[in-house]
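Asker: Knowing the structure of chain A, use the given hints to seat chain B on it.
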Amino acid sequence: MTELRAVLAYLRKEWRLELTYRFSVLFSVLGLFTSIATYFFIDRLFGRQIAPELAPFGATYFAYALVGNAFMAYVGTAIGGLSGRIGAEQSRGTLEILLGTPTRLGVLVLAIAVWTTLYATAEVFVFFLVGGVGFGVDFGRVGWPAFVSAAALAVLLFNGLGLLEAGCLVLFQRGAVAAWALNGLAALVGGVFFPVAVLPGWLQALAELNPITHAVRALQLAIFQGASIGALHRELAALAVFAALLVPLSLGVWRWALRRARLEGSLGLH
Amino acid sequence: MQRGSGDAIVIRGLTKVFHPIELRLRSLHPLRRPAPITALADVTFNVAHGEVVGLLGTNGAGKTTLLKILATLVLPNAGDVSVHGLHVEHDADRVRRLVGFVTGDERSFYWRLTGRQNLEFFAAFQGLTDAAAGARIDTLAATLGLEALDRRYGSYSTGMRHRLAIARALLTEPPVLLLDEPTRSLDPLATADVHRVIRTSLLAERNCTIVLATHDLAEAKTLCHRVAILHRGQLVADERVEALTAEAELAVVFEDAVARAALG
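Same order as they appear, the protein sequences are chains A and B. Heads up, the first sequence is in my numbering, so the first residue is 1 and it goes up one at a time. Heads up, the second sequence is in my numbering, so the first residue is 1 and it goes up one at a time.
Isolated chain A (complex conformation) (with noise of 0.2 angstroms):
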């Protein structure tokens, strides 16, 4: 009960932050909108055919793009989102007087995770509305049971990979960069903005071995095709070995990194 009402204690203050910028929510929208259009544009370019590498998916470019943005935002949430607030915290000193409460680390760093979690989902909302209101994407297909499962295994994946990268925020003071480098090359090879099957065959070999490839694949097969849970088989068990080895190796470096920050007194410099 405890751990519940300081999940929900972050949740409002990290809601009462977001209000006091007033228009943060307005200039998210029109990014998100100014994305999206860039996309329809280059979309209509190409003459809105649906290219060989898309049969698959039976999506346009435009449709895929839109995805491949969407779960963008839950992976670059997770990840430099994650380390970003935790150094948030850090350089605030508001971290130190964190820890030195009775409530467990582990409470603090699941609050930030549902909140990013959060904000990412609205994120996709986003997307999905200006998408299928304003530019007339067919969401009407969408296998919910494989979507749900898909999007909860990147979620756990992604965010323990945000673990990952708050470990070495603590420890090295740098975190950003890698999440930056991260997110980029994620993005190349995990067939995000684009089909892997365009990229060539030594790559796709390498990008089965990146988790956002299954995620991604997943989520446009379940959203455009329908997919079922059993269809998706391949990419869902892929997902799940990939957060059963990530999760923990990641907490594990967090609390070493926490109990070396400890010993360095470094836990209040960013």
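In short, the hints are calculated from the structure, not lab data. Bear in mind the structure is a predicted one, so any value in this text is a computation, not a measurement. From the three backbone atoms N, C-alpha and C, an ideal C-beta is built for every residue, glycine too.
Chain B residues, not near chain A, derived (Cβ > 10 angstroms throughout):
#, residue
1, 35
2, 41
3, 48
4, 87
5, 141
6, 145
7, 148
8, 150
9, 196
10, 197
11, 222
12, 232
13, 237
Have a look at the derived ranges for each label pair, beta carbon to beta carbon:
#, chain 1, residue 1, chain 2, residue 2, range
14, A, 19, B, 6, 47 to 53 angstroms
15, A, 259, B, 185, 29 to 35 angstroms
16, B, 60, A, 22, 40 to 46 angstroms
17, B, 152, A, 31, 25 to 31 angstroms
18, B, 129, A, 41, 49 to 55 angstroms
19, B, 87, A, 251, 21 to 27 angstroms
Answerer: For chain B alone, kept in the frame of chain A given last:
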């Protein structure tokens, strides 16, 4: 100022050496290997229940490190430290329920939230319910004179920020308070105000055990029963304030202790 029997804080052979990771990465070159920083070296002393001990020392003497070890924020390399019989490393969760830490660092609040919203947030992490936190915040506001709790923290004067930091540390009414330079960068009026809060709210009304880190000899004499002087991580003097007749004598003790330590 009444004091109870027994020791609230016991420190035995406390040693803390920092090997910052950034330094270590640079130290891959054997000729550029920097020496580790000894923040505390074999420090031993006790603080009785209800006693106020001033930690005096120049910058880098180890005062803040000692407070952070007591607050469980920094781990020691050697020695034993306990608060109310609980080991700061092995019983860290329980120690945190007993200790309130007041940092002189103004950053440690959310500047765009009000004072009340800040206190509500930290109260939840201290384990208080919303109702208990609300009642406690109202009590603290009256006691500490926090008249602008519903204004944004960023608009507060430095004195008000320090009082809010004290209020945060008192949310759960801990028996032990660690004050890290609570009057740093305050003008004389604001300093007198914080001293009044410490004397009335913390000592007269609550009989707290307090460890106060300060540069200010006059402040130590005004508020403390005893002073422990740290120099380059070593405890070089431990004197009762009652034994001193004038502030100047305290200054002499301080300077002598530092000079003796410098001579080795």
